[in-house]
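**Student:** Residue numbers (our numbering), protein chains in the order written: chain A, 27 to 374; chain B, 6 to 509; chain C, 794 to 1134; chain D, 223 to 577.
Think of the hints as simulated: they come from the structure by calculation, not from any bench. Where a beta carbon is used, it is the ideal one built from N, C-alpha and C, also for glycine. It is possible that part of the hints are untrue.
[What the hints assert, rightly or not] Below 25 Å or equal to it, Euclidean Cα-Cα: the simulated DSS-like pairs (lysine-lysine) are: (1) C:K843 to C:K875; (2) D:K563 to B:K384; (3) D:K563 to A:K145; (4) A:K145 to B:K384; (5) B:K127 to B:K187.
[Unchecked claim] Reference listing, derived: stretches of chain C covered by chain D, where coverage requires no fewer than 3 residues with Cβ under 8 Å from a Cβ of chain D: (6) 1045 to 1058; (7) 1079 to 1089.
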Amino acid sequence: MMEKFKIDRKFWPLLVTIGLFLLLYAYGFFSYRGFSNPQVFFNLFIDNAFLLITSIGMTFVILSGGIDLSIGAVIAFTTVLSAYLSEDWGLHPLVVIPMVLLVGTLLGAVMGSIIQFFKVQPFIVTLAGMFFARGMCFVISTDAITISHPFYRTLSLFRIPLFGKTFIPINVVIFLVVLAAAIYLAHFTRFGRTVYAIGGNEQSALLMGLPVARTKVLVYTLNGFCSALAGVVFSVYMLSGYGLYTNGLELDAIASVVIGGTQLTGGVGYVAGTVFGVLIQGLIQTTIMFQGTLNSWWTKIVVGLLTLLFIMMQSAFASARRTRLAAKSIDKSADRLPVGETELVPDA
Amino acid sequence: MPNTNDSLLLMQGICKNFPGVQALLDVDFSLRRGEIHALMGENGAGKSTLIKVLTGVERQNSGKILLDGKEILAKSPLHAQELGISTVFQEINLCPNLSVAENILIGREPKKFGSINWTQLKHQARQILDRLDIDIDVTQSLGMYPVALQQMVAIARALEISSKILILDEPTSSLDARETEKLFDVMRKLKGEGLGIIFITHFLDQVYQISDRMTVLRNGRLVGTYDTAELPRMDLVSKMIGRSLDELEDMTRFKHETGKRIAQEPLLEAHQLGRTGSIQPFDLELHAGEVLGFAGLLGAGRTETANLLFGVDSPDHGTMTFDGQEVKKFSPLNSIHRGMAYCPEDRKADGIVGDLTVRENIVLALQASQGWFKFLSPKKQTEIADKYIKLLNIATPNADQLVKNLSGGNQQKVILARWLATNPQTLILDEPTRGIDVGAKTEIQKLVLELAEEGKACIFISSELEEVLRTSHRVMVLRDREVVAELAGGELEEKKIMQIIAGS
Amino acid sequence: MKLSKVLLFIVALTTILSVIGCGAAAPAAPAEAPKEEAKAEAQPASSDKKTYEDLVVGYAQIGAESEWRTANTASIKEEAEKLGVELKFSDAQQKQENQIKAIRSFIAQQVDVIGVSPVVETGWETVFQEAKDAGIPVILVDRRAAVPEDLYATYLGSDFVEEGRRAGEAMDKVLEGKGKIVELVGTVGSAPANDRAKGFREYIADKPDMEIIASQSGDFTRAKGKEVMEAFLKSYGKDINALYAHNDDMAIGAIQAIEEYGLKPGEDIKIVSVDAVRGAFEAMIAGKLNCTVECNPLLGPQFYELALKVVNGEEVAKWVPSEEGVYYPEEAEALLPERKY
Amino acid sequence: MKPTTSLLKDLRHHSLFWPVVALLLIMLFNLLFTPGFFRLEIKDGHLFGSLVDILNRGAPLMLLAIGMTMVIATAGVDLSVGAIIAIAGAAAAVLINPALGRELVTSDKLIEDVTQTPLWLVILIPLIAATVCGLWNGILVSRANIQPMVATLVLMVAGRGIAQLITNGQIITIYYSPYFYIGGGYLFGLPFSLYIVAAVFLFAWYISRKTSVGLFVESVGTNASSSFYSGINEKNVKLLAYIFCGFCAGIAGLLISSNVKSADANNAGLWSELDAILAVVIGGTLMSGGRFSLVGSILGALIIQSMTTTIYAFGVPPEVVLVVKALVVLAVVLLYSELVKVSMDKLFEQKGVQP
């Protein structure tokens, strides 16, 4: 039982992320009037629900060693398509939502297939996907389309009251479901473990007989689905569809994943870390808003520096582990020699 | 014709051609239950193609494969594994970021209600490792463990209860003697359980140590299958390379001749040079015209020593003088300026620059030593490249071939050419013959002695003691990252060095 | 292992603190509520009227996409300083998500009044409803939002449709009722772009000789304005009689393009634009621009006046138009020194 | 028959084959469908026409592509060039009129063509700033061993914030005509920006083909470790590549701010990093590093720019631009993929066999 209390070193980056979040929160809590309102905490989830959902999808992509630049565009496309289908075609939201989810998923599947079967770099393929999805938004409508269907409005105004005057809307519930599903997927299914394996060493995964091609396509498909779902959540949140929504969101998502302790080379990281990555960014933004006089661009600068800090920390952890191992193996080198150690610990 | 009755596996008349190459022509192979069968041959003899056909990576053009008397056709490595054919490849093909347990069982993990049952997973992994007498924490990331253990994990992964055949492709190339012995224990144990094991290696010692039978391939054709006990070593080698080995005799003579011309004054001198965590302080002298061998197990500190001498790592202890001058700046470039050259151990990772041409690879170090602005014109580059292609007998259509398209031995020669082009006084060769065939090996060993004869100083590092002894005038023995002995002249005996290495 | 202990300690400490905080805040919330109601009731009684000094304002600005906007921002900020209003200012970097987040944080901070220039018209209902529930009035500045009237206190700003109409009128005047027009549209989908296009078309609808032959988005920026104008000139060349630009920045970009093409802006191609920023006056003095319809960015004074009124429960109109004019080159020289933006 | 097929094959395997074909296709399209696209006139003593426009508009992108080529050749990538453009432009604008950006613009501060800072400083300081940005990226990549994409992401995110701080969140209009010459002037009938591009290109070409820099860059990009063992200071090679890329982005920033006579920290060079990477990839340099082609990157930049100009000239609704761009990118990238290459080879071989 005792060993349960020993924290595995691989959890450290995650703990640092959580610790930082709590520190930031504590700072705001004692510094600003109104910050102590628990609703401020819930607002982090409410305002970032879509980012949280899409970042979870992005976590899988990055864990598999890939990248997806199209998510912001796919979200915008989903909102426009939802608005268009429900307003101009008069379809019921219960028809529209599955349709747009399908479209987003397909888009992801197509990109994943091109990446996998044509061996083109994800960076370029998803860049093209981003152009395509943004372009399609404007082909459908150059204007913002208001969504007036009562179903959407009801969803949007729906509140689940918690203690005091606090509440959460349906967005947050969807996010929680996605989070639970993602953690299950990552740690309790073969798909999830295969994603980690591919991120660790794709060649090995292939030789271990794992379904690499299928999994990689699925990862992008899953991310397409998450983006589309985030798009649905966003269209409920905004009650409109617009091609300029969530511009540059992919960078926020990538930064969240990195701050959340996932290595961009793939193979190492946690879905839960990403959640805190998003929340930290939201918290920085909130703090700067509460401060009230700082230029909002400080958010960007702080997030940039934080990203850097976390990357530095990751490589520090990795090299610390390496030297520790080397030292250990010198002590009892008779048994175990650390040859090739450095090559096998993935570079941060 | 082998007796088909007790054969576990029978491959008959296997042919495989790739565009323009006949990789396998009418090859027969048989494997018995409870047998360790070595597959021998030079590089390009067709060993790996045969394995690929067997494990479903490639499909034969003709011929059939019988397992337990039934014809099989593996579609993929996974399918082969389901059929009972498990493979451990030369480079450890596992995921360092996953836990040991997962590495063993991923792809066939135990499930409960459709989700991975982690308790059961750990339990099963431990069971499998127990079978191999290995006791490690299965929840730790694989990358935390040394290579030898990773190799064992790879075998554990390959083994299933239903495995009938285990293929080990060069499993010992990165293991030291102790670890190899451990591996052999495991192999013997599995053999006792009735598994058929196909064992591929370049180490002849090991073949004679462990195998029951061996099959020799040459140029895609079967030379023959022999009982190990009945085939003398020299015969095996000549069957593999297809010619006699008088050359080796010549070389020993040659070495004695060159030994007479070693300079008195040391060219390179290290005094208590060392680096914490890498190599204990040591003293070293190297003379012009001399070949100094480094012997020791893998990981004993041979490469680390070479790295210090060449400035890949900087020492934090002691001093080094070169040609009477104290060395202050440690970096490869400074070493090149001093007239040193270094063929690193890992040819693929640290040696060749795959996407560049042979010509560019050859001039690389020379160009680096000349700096950014003293550019060698393409014409001059071709001149240099052609000279060394001819001198070292590099098999390439022309100097503008990409170096990654060359065979391992020729790549090694290109790296040698790169260094010879800088006209060095001192060469450090770390495992220059690893993974290349016997023919090219001899050529390189000979070249080293020729260089010594020209008055250059060489350090020759190799895992094969025999090779070190054949080429070196003097040998330094390392153990546990420490120089433990220096032998010369009559002391150069295999047995004696072995004792020192073993620490007894 | 030491580091992990420290970490654990920090984690534990902060968790405890935040739990205490939530716990403390939760019961406090209902206690505050009646007070607020009381305040709301008390206000009309004019007993404790707020003054500028104790006014807390949250302002969710769009960003800094044009000179007009930066002048607008400067006006809001400077005026707050002058009046002693406590201003919480947030720059949304052209993202509606950020504006909504800002408004939520203003609500949490319990500011007295929220000012917002919506980046687009749609998508505001939910968050405005929250502001309303929290009893914080919202003032729309410069741009409208497509929400029911009861969700905001008032709209301060110009009528973009009216600006479009005035631009049409001015165009009619400089073209003398006849000509082929190209149009540089603002950011696709934004309220000013939509309305300025709409108003302009409304006016020229009954002028059969005035025709829009091409219309492209220049994103309200100079660079795009220039690039698109170049393309117009390539395609239509001298057929173009006039240019209608949705803002001055695009017009200034287009002027460069026209000059580079070898035509004289203001003569060969008449130009009418909206905003009346400094650059436009300079262009008019140089004879390169024929008319600019003012859209006044200096809304600071008007905004705070309104904010105070709203907080003190005074009646305000649902739309308070900003003070604006239409300027022609003849007046430009005289007016230039007065222009602040 | 034989020689022709093998010539065709050689041609097809030449690294610049596809970029040239793509560019020719776009030009052919214009020849057929865009009247007057190829018309060149002389107006006010300088050359004028769509082709000149493409070159002029494409100048910043070409500069970025040159710098990016070097970085990508070392197996890196620089996502921060857009932010560096903004920083350089902002620095230049603030230097020209330091009062701007700090307070509300009032009339007395705006006297045309007067600045407290000499022109050479106005040009030099932003370039130094941009180079320092490149240095920062280079240090993170080469010394701190951070993945290039992440290392430059930091500046990409934070850089625009820095630019905003320089301009104090305002768009600064520049009133200083000597400065306009950089991005808007003409020399011997051609846009001055072209001469800058030509100079940078020649410089890059010279150092990469007439000094050993090119060899070192390709070597480091292919195998950094081998290069190190061969005596190449691989860290410095990478560092220099990023510094050069930052420098190129700085020039591009000056060109852009000079051309539109203002500095917009928000929008200057927005998404240009993606265009630059695209240009390099279209030009045939692999993102995995190693072999690079400067000419290819220039062609790539021209393809992207002529596509944009064509779309404007052809009167395609702006909303379709992105979709078209996406499809073109995909087409070009697929043409480069191994699968297509192999099947093309097969196709052509079959045709060659049956005369």
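**Student:** Could you work out which of the previously given hints the structure breaks and list their numbers from low to high?
**Tutor:** Hints 2, 4, 7 contradicted; others consistent.
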